[in-house]
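Each chain, written out:
Number of protein chains: 2
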Amino acid sequence: MKRIKAGLIGFGTVGTGVVKAFERNREILEQRLGAAVELKRIVSRDIERPRGVEVAPGLLSTDVQSILRDPEIELVIELMGGYEPARTYILEAIAQGKDVVTANKALLALHGPEIFEAAKKAGVDVFYEAAVAGAIPVITAIRENLCINRFQSLFGILNGTCNYILTRMTDEGADFSEVLKDAQAQGYAEADPTFDVEGIDTAHKLSVLISLCFGTPVDFDRIYIEGISRITALDIQFAKEFGYKIKLLAICKEEGGRIEARVHPTMLTQGHPLTDVDGVFNAVRIVGDFSGPIMLSGRGAGMDATASAVMGDVMSCVRNRVTGSSGRAPARGYRCEAIRSLPIKPMDEVVSQYYLRFMVNDRPGVLAKIAGILGDRRIGIASMIQPERHQEDSVPVVLLTHEAVEADVRCALAAIDALEVIREPSRFIRIEASLD
Amino acid sequence: MKRIKAGLIGFGTVGTGVVKAFERNREILEQRLGAAVELKRIVSRDIERPRGVEVAPGLLSTDVQSILRDPEIELVIELMGGYEPARTYILEAIAQGKDVVTANKALLALHGPEIFEAAKKAGVDVFYEAAVAGAIPVITAIRENLCINRFQSLFGILNGTCNYILTRMTDEGADFSEVLKDAQAQGYAEADPTFDVEGIDTAHKLSVLISLCFGTPVDFDRIYIEGISRITALDIQFAKEFGYKIKLLAICKEEGGRIEARVHPTMLTQGHPLTDVDGVFNAVRIVGDFSGPIMLSGRGAGMDATASAVMGDVMSCVRNRVTGSSGRAPARGYRCEAIRSLPIKPMDEVVSQYYLRFMVNDRPGVLAKIAGILGDRRIGIASMIQPERHQEDSVPVVLLTHEAVEADVRCALAAIDALEVIREPSRFIRIEASLD
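If you're matching them up, the sequences are chains Y and B in order.
Sequential numbering of the first sequence, starting at 1, is according to the working numbering.
Sequential numbering of the second sequence, starting at 1001, is according to the working numbering.
No lab work stands behind these hints: they were computed from the structure.
Careful: at least some of the hints might be erroneous.
[Unchecked claim] Straight-line distance between alpha carbons at most 27 Å, and here's what the computed DSSO-like set of lysine-lysine pairs gives: (1) 20/Y to 1253/B; (2) 2/Y to 121/Y; (3) 1020/B to 253/Y.
Quick caveat, the model's predicted, so the values are computed rather than measured.
Taking the hints into account, I'd like the entire structure generated from these sequences.
This is how it looks when you write it as structure tokens:
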């Protein structure tokens, strides 16, 4: 039986899961592969901390070169995260002719093209199923199974922390900051939660998925990103009253050769398949011209779920190595030569329905003024709630619009916010009304 | 650019979808593959009937040997269905060194081992993503992405006809035969619907999935199969009252080296992720020890959705051919040498909760008699409805049990049915209470 030697860089939560999988399910791996995979070296800054898994003495090292320079190691599993030195290590591994399995979405979102082109040149594989949506096989589904399709849209719940916070806010009527604190205490949110709650992590993953769906590089700065930190219990309450649920969605759509790429809190009709994806679960709903809608859901993070995806990639690398077919499928689904830059549609041109909330002085004529300004910008009102709920002397007015152009909405809101009767900056949340 | 020539056997609905995909998305295929695929020959019994797709003159033939004996054709797409002559054609294609893509679950369920072993020997690929759940990439997910996992359970809604009928029965309170007739008129059910409504098609697909999950051949006759034709509007109504929905599920579970393999109408708690899968949609929920629960859903049948899966397989075959790695992943996920027969747990030993419905004479002491017989067989009652609804002089008594052993339940029901007060054979439906 052929033996492939692998090195693991990064021995945190996911790394520990990978070591556990190598141990516990070694027999399954060998029966499926017809080859053995030996974890020859684990590199970590801290090799003293107990992780609750058994590691043979001599396996651990703090010296990354003990992996990168070891010609016996054919496969590098990068689970350290971050841009540097992960980028340098991965490029060096590729240059040494090693395959790479990584879960590093941040790195791929910003340096994917450099890494994938280096891999192409070296004839090695770079697999990254674990970078998006944990155990859910969305990368492979797009790259292999659905690859005949012209994709129309992709919606994703891609960040477990945000989904956990929004789910609890929805269930408990609690405020963002309160739930965040509790999520941090329970380990569902980082001490510095910015990457998660501000939508950056979701955008990293969206960037990776866009590239796979459409064969275009994505200038990360062109993705519109809005997190969940400004969502209030009040907005969630109103959403419910209108029959909606708020989710942080990654959205991409293709129309006329342009791509919409945006991450923002989104109101979905109760009953939309994504509204049932709660807590730390992730889901992706993708629509192809032949496949129709396909939805994949499961655990998007965590030690074991992410290890499942990493090990799937490890086994694919080994299959390719053993049959001499490394690089058989291009890492981005499209061959390097076929990658061409598609323009991102400016956010100002995006068309959506909107939830608008104004805090106004409760006095006659206010609604007429607001409606007038919206009407001037061709923004139609679909429904309205003006509840008898007073916060001090201001009262919320909530409108749902028909489809409108983002620039018009922003322009109207600026004009409305300048009215004397408006007590605080208006809030808006986009509504995704259609399924596709 | 390398050109691979393919032959299509069977030009029905799915075949037409495949021809359409070759035409419409040829550019995507070539950009992703870096190779071209030419449909060189289409064989069908009826080459006159217009299909609404354009086919170059000379492409059509009634002679299957014009594909099987053409050395230029490296890839055969079998979409004729049925056991014979499909089996013979596939074996001959394999013997000629051609790859095979098929959607033929009936054939694979009964003759899979023969076909896969022939493919192994010939060093060619046999792919069959389209055989189970249409466009949903469940085969690849199990074979490649989730393959490190020890699977605990798999639940599937795998037959669109049954799910469509049950959904309409649930929504409309209509009876089976009535909805079936309408489904036939609308093309959602075959003129002879036996394979679908009696659960046989679902069991074929379950057989394929069990083999992939556990590396065991499945003796098709050992799968317990019960269709939906005996489900009544009354049972659906009671299910609702208890907070359940009835779905035809394919179920497999592994415990202690034995496999549960069963297809039957199943009551699921409203809110279970599979209860939202309605109409012709299919879904699979699979639980692995590392991945946790993964759910995949989408269109399980139809021209375009099935063509999407077929084309994904075609492109995988081509990738392997171009890189000389045909057979890189074993067709069943486990290598032929690692396949070993796991015993199927006899249905009598299966443990489940049950919905029981008795039609009784409305007279004192009846319930005591029923409860006594159930108690004698260690079957605990979890809840009960005895509504004030009279059908002639009989009245339904409905019980939900705690977990009980199938043999005990059948034995108790036989004893109860022998009571003089029982007006018609008792009905039972299994309840899947846990998610995993």
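>> Check the structure against each numbered hint from earlier and tell me which ones fail, lowest number first.
In response: Violated hints: none at all, because every hint is consistent with the structure.
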